[in-house]
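*Asks:* Input sequences plus hints: build the corresponding full structure.
To get this note's numbering, take the position in the sequence shown, counting from 1, and add 4.
Because the hints were derived from the structure by calculation, they are not lab data. Any given hint could be a false lead.
Estimated spans, in silico, between C-beta atoms of each pair [as the list claims (entries may be wrong)]:
{"no.": "1", "residue 1": "R122", "residue 2": "E78", "range": "20 to 30 Å"}
{"no.": "2", "residue 1": "T96", "residue 2": "R61", "range": "19 to 29 Å"}
{"no.": "3", "residue 1": "D200", "residue 2": "A127", "range": "40 to 50 Å"}
In this text, a Cβ means the ideal position worked out from N, Cα and C, and glycines have one as well.
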Amino acid sequence: MTYNVDGVLPTGLVSGFDDGTNLLLSGPAMSGKRDLLLSLLARGEADGDGAVIVTARDPADEVATDYADVVDAEPQFLRIIDCVSAQSGGATNGDNAHYVSSPGDLTGMGIEFSEVARGARDAGVDRLRVGFDSLSPLLMYVDLQRLFRFLHVFTSQIQSQGWLGVFSVDPESHDEKTINTISQLFDGVVDLRLTDDGNREVRVRGVTDAPTEWTPVE
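*Replies:* Pasting the structure below:
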């Protein structure tokens, strides 16, 4: 089985990813990482896939609104693990949103993710697309070694369940060693970049026979 991404990435790059694939979505600020991540998740709505989004940047309600805009309908199964709102107080777990105390609370994230995974099974959703936006804030809270251990468990869970994982990171916020270390945990990388004239280009590497050409994003 594959997770269909037809129409999300430019034609000719890749039309789907195998079950259990974990992707690193790497690009600088303003390159449209979050939009692409939401689109890769939302593409599964047509196939009955559920979506889980871990957000370490924006509050859950904002993410839910943006996701619904991409889907252009009521999402079938959407759960959001919000790592930012609890810091400002007043965040309590609801039907669709689960809250973690901060982007540094890796244990809390793991617990909530397991909870969400159980909820998906109970709802009869066995195919999930999991988005993580973004790994960069986590590195302001925890050291690389700790993040690596956490991601190893997290990506292994996605792999063993046959889900699709998409984790975004800003390579310009971290040194090369950090990015190279994190990259080891992923099956492939989707790179985004901005050209000098402000256009966006994308390429895929690791899950194709050879890295694709840089291709303009519509």
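*Asks:* Look at each hint and say if it fits the structure.
*Replies:* These are the hints, each one checked on the structure:
no. : hint                    : result
1   : R122 - E78: 20 to 30 Å  : holds (22 Å)
2   : T96 - R61: 19 to 29 Å   : holds (20 Å)
3   : D200 - A127: 40 to 50 Å : holds (47 Å)
Consistency with the previously given hints is maintained throughout, with no hint failing.
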